[in-house]
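S.K.: Once you have looked at the hints, place chains B, C and D on chain A.
Protein chains in written order, with my numbering: chain A, 14 to 244; chain B, 14 to 244; chain C, 14 to 244; chain D, 14 to 244.
There may be inaccurate statements among the hints.
Since the list can't tell identical chains apart, any single copy or any two copies may satisfy a pair.
Straight-line Cα separation of at most 25 Å, SDA-like style, residue types lysine to any residue; simulated pairs [unchecked claim]:
(1) K239 <-> L41
(2) K191 <-> E52
(3) K130 <-> F33
(4) K191 <-> Y32
(5) K228 <-> T242
(6) K130 <-> R116
(7) K212 <-> G89
Quick caveat, the hints were computed from the structure, so don't treat them as lab data. Only a predicted model underlies this, so the values are computations on that prediction, with no experimental measurement involved.
4 protein chains.
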Amino acid sequence: MNMAKPIKYPLILVNFKTYFESLGGRALLIAQECEKISEEYGICIAIAPQHLDIPVIAKATSVPLFSQHADWEVPGAHTGNITVESLIEGGAIGTILNHSEHRLRIDVIDATLARCKSLHLQTCLCANTSLIGRSLSILEPDMIAVEPPELIGSGISVSKAKPDVISESVRLIKELNKNVHILCGAGITTGEDVASSVKLGAEGVLVASGVVKAKNPRGILEEFAKSLTVQ
Amino acid sequence: MNMAKPIKYPLILVNFKTYFESLGGRALLIAQECEKISEEYGICIAIAPQHLDIPVIAKATSVPLFSQHADWEVPGAHTGNITVESLIEGGAIGTILNHSEHRLRIDVIDATLARCKSLHLQTCLCANTSLIGRSLSILEPDMIAVEPPELIGSGISVSKAKPDVISESVRLIKELNKNVHILCGAGITTGEDVASSVKLGAEGVLVASGVVKAKNPRGILEEFAKSLTVQ
Amino acid sequence: MNMAKPIKYPLILVNFKTYFESLGGRALLIAQECEKISEEYGICIAIAPQHLDIPVIAKATSVPLFSQHADWEVPGAHTGNITVESLIEGGAIGTILNHSEHRLRIDVIDATLARCKSLHLQTCLCANTSLIGRSLSILEPDMIAVEPPELIGSGISVSKAKPDVISESVRLIKELNKNVHILCGAGITTGEDVASSVKLGAEGVLVASGVVKAKNPRGILEEFAKSLTVQ
Amino acid sequence: MNMAKPIKYPLILVNFKTYFESLGGRALLIAQECEKISEEYGICIAIAPQHLDIPVIAKATSVPLFSQHADWEVPGAHTGNITVESLIEGGAIGTILNHSEHRLRIDVIDATLARCKSLHLQTCLCANTSLIGRSLSILEPDMIAVEPPELIGSGISVSKAKPDVISESVRLIKELNKNVHILCGAGITTGEDVASSVKLGAEGVLVASGVVKAKNPRGILEEFAKSLTVQ
Chain A
14 MNMAKPIKYP LILVNFKTYF ESLGGRALLI AQECEKISEE YGICIAIAPQ
64 HLDIPVIAKA TSVPLFSQHA DWEVPGAHTG NITVESLIEG GAIGTILNHS
114 EHRLRIDVID ATLARCKSLH LQTCLCANTS LIGRSLSILE PDMIAVEPPE
164 LIGSGISVSK AKPDVISESV RLIKELNKNV HILCGAGITT GEDVASSVKL
214 GAEGVLVASG VVKAKNPRGI LEEFAKSLTV Q
Chain B
14 MNMAKPIKYP LILVNFKTYF ESLGGRALLI AQECEKISEE YGICIAIAPQ
64 HLDIPVIAKA TSVPLFSQHA DWEVPGAHTG NITVESLIEG GAIGTILNHS
114 EHRLRIDVID ATLARCKSLH LQTCLCANTS LIGRSLSILE PDMIAVEPPE
164 LIGSGISVSK AKPDVISESV RLIKELNKNV HILCGAGITT GEDVASSVKL
214 GAEGVLVASG VVKAKNPRGI LEEFAKSLTV Q
Chain C
14 MNMAKPIKYP LILVNFKTYF ESLGGRALLI AQECEKISEE YGICIAIAPQ
64 HLDIPVIAKA TSVPLFSQHA DWEVPGAHTG NITVESLIEG GAIGTILNHS
114 EHRLRIDVID ATLARCKSLH LQTCLCANTS LIGRSLSILE PDMIAVEPPE
164 LIGSGISVSK AKPDVISESV RLIKELNKNV HILCGAGITT GEDVASSVKL
214 GAEGVLVASG VVKAKNPRGI LEEFAKSLTV Q
Chain D
14 MNMAKPIKYP LILVNFKTYF ESLGGRALLI AQECEKISEE YGICIAIAPQ
64 HLDIPVIAKA TSVPLFSQHA DWEVPGAHTG NITVESLIEG GAIGTILNHS
114 EHRLRIDVID ATLARCKSLH LQTCLCANTS LIGRSLSILE PDMIAVEPPE
164 LIGSGISVSK AKPDVISESV RLIKELNKNV HILCGAGITT GEDVASSVKL
214 GAEGVLVASG VVKAKNPRGI LEEFAKSLTV Q
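The following block holds chain A by itself, in its conformation from the complex (with noise of 0.2 Å):
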């Protein structure tokens, strides 16, 4: 298992999703640069590459992994499954859940939260809307990204488009449970997106085709990065 760095709040959560761009070899790169531009500014960067890039990329970097998905059901006769124990296995310190292209039953968000905290590995749930963030709250997740689908990959950041919805999940999310951790998504494509959704409550950001489509992704990382120090 890689020696992978805790999570800190700001915290840069990169989704390689199954892009060209960030498979294998490729994502051990943007993996590498996460690594240096973290450790230069002190800003947390943690990756969530494809299932099989998860073990090669633990062993040759520090960077804190997540999985893409997890599934709720413990080892045994369950074929094709993503088990929290390969993630760990693997190296993986967190996983992605519900995410608006893999979204999950109720009763299955909450099974896969109580092994992944059996387990400690540490879960970052998405929803949709300011209120499912709300509500997902309660089942206690480690983190709550909220992101408009509709903005998702569309270069228009949720920062700009609709700061309201980050305020008001930071509002909605934290009178009920403090200890989540909020992050914002969708169309962040700028340090400027990164600096004001940390402006309007959010603890980081969860971006996918802002950095792994980028024609620099070094240079998408560091301004991220630097946005945060500033603050």
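M.R.: Chains B, C and D only, in chain A's frame:
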């Protein structure tokens, strides 16, 4: 990528499922046993470990590696998917699809087969009955594994309890598609089970707990391989 | 459309599921018994028959009718869906959602609630635990029915086996949302079960086999209604 | 139960989907038009209305009624399911299965067909390609409707845009199973579309918006029926 040996028939395909006994380091050990026995007896043994174990085993062995599932979508915004690209990148040469623990929609089976073919990933489609096997053979997978679900994990082998399922599958499928290879599975625990499957016309077996949860997996694998060389 | 009586609490909501005993003509007979007992004892009894039975019962009785499920999509190209429009047209005044036998994704629950609200269809959201009940109450359904799945159909009532589930649900949910009505369910077969549920703070019960598969459904319904009038 | 006329070929099967234009009272009106035109021209016209409309139309007309979906489970604890029993009780004589808007797992298709056969409910299985049609024909449904999904609702008929899909489907399916009746669908809006479908070997059409969303459904149905009598 690893230098995986090509698939030969009769084939022993070992599905590691998500058993605790076949995760991480233990997966690698079983893979290494498979490699040795395969070389010693000249019988092809392929394995389907958990997703995250694929790249590690690919680097350490020449065992032909299958995934337990693959998604049909092309690389892109598909958080949590298992792409065919990532399987190939990780060193897999094939994938199980539509296992009884991971059944798929008929249009998804068709789309996934097309994706796998376009990237030369071999496909082992599971079917619960000989008639469904015949139906799926029309979509031209490389292999069809017929497994009566009620016998999976039962310790009662299909070759003993329902030999007709095997011979009928062979007849119904080969009549339509001579190129598809027929495996049989469910409840296989002894060399005798393997031998009689092949006598009934199967070109190999799909086995899971019979090997993975055995007290002595090496011994069982050896018994399986021997039973095929005798023929 | 029928002249369904309005919902009053305490409420007895009888889920007909797809039992043979509550299909077609037999559904209508049970509905008529519900109507009579409801009038006689002044206790509101609503029923959730199979989809196709709704319009027939709506024409023949004034029993408040719930659907067992509703889909969130608006009218259009959605072959096989149960639209909210068709439920209202057929005479339903409400719907059960997220039953343990028909669990839904969290975003689908949210979208379906929004559709139901916009067309004034009442909603009874099921939850397997008090915490999930609390979580779902934030989405503002009309009712939350908390049912430990392991007790459903068991004949062991939640009010006996897990009274804390009821009192805790009441506390956790009402604290956040006083407007949501709390039903409890699972294993309820006697008037005593109903009475103690209400004593623990529930505003009614969700019951299925306890009525539908009883030798004498009329007798059981009467026992239930009586137990609520005594209070 | 209604005295539904038996299915005859060539068949016009009108899928009402969940269109607003074919709900409730409007569904009944279209059903009555179908009945009249069917009698006048001697062409069999069947309809698949929304679930709740089935019993009402069954009582008022002799139009052969299909469901838009059916679940495979037997009567029991299956909240929200559409049982084959309830369809028969409600007056349906058949069901569409695996529509592109309601795709099913291959094992579920098999199980549902078995249930429908055991209770003599006719089955119209949808397929997106001629090859999938051939594959599904092995499971012996009564009808296969081949519909290229990209043409559904497009107004561009399969008989014009992809005539090969029809002739190829007929060849591939009839070669294996002469008893299965082949419908074609997607984009059919004129009598010419219907006529050329039948000339290419189809035994009928599956049509939805072409009738339901037409300004004058009666006129279109008449045009369809006429085009089949001329032959």
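S.K.: Using 25 Å as the alpha-carbon threshold, which applies to K239 and L41: within, between, both, or neither?
M.R.: Only inside one copy: K239 and L41 sit 22 Å apart there, 42 Å across copies, limit 25 Å.
S.K.: Checking an output row: K130 and F33, CA cutoff 25 Å. Within, between, both or neither?
M.R.: between (32 Å within a copy, 19 Å between copies)
S.K.: Measure nothing new, just compare the shortest in-copy and cross-copy C-alpha distances for K191 and Y32 to 25 Å and report within, between, both or neither.
M.R.: This pair counts as neither: shortest intra-copy Cα distance 34 Å, inter-copy 37 Å.
S.K.: When no copy is specified for K228 and T242, does a C-alpha distance of 25 Å or less occur within a copy, between copies, both, or neither?
M.R.: Within. Shortest intra-copy distance 23 Å satisfies the 25 Å Cα cut-off; inter-copy 56 Å does not.
S.K.: Under a CA distance limit of 25 Å, which applies to K191 and E52: within one copy, between copies, both, or neither?
M.R.: Intra 28 Å, inter 49 Å, cutoff 25 Å: neither.
S.K.: Between copies, within a copy, both or neither: which fits K130 and R116 at Cα up to 25 Å?
M.R.: Answer is both; intra-copy 20 Å and inter-copy 23 Å each pass.
S.K.: When Cα atoms must be at most 25 Å apart, do K212 and G89 count as within-copy, between-copy, both, or neither?
M.R.: Neither: 46 Å inside a copy, 31 Å across copies.
Violated hints for the displayed structure, listed by number in ascending order: 2, 4, 7.
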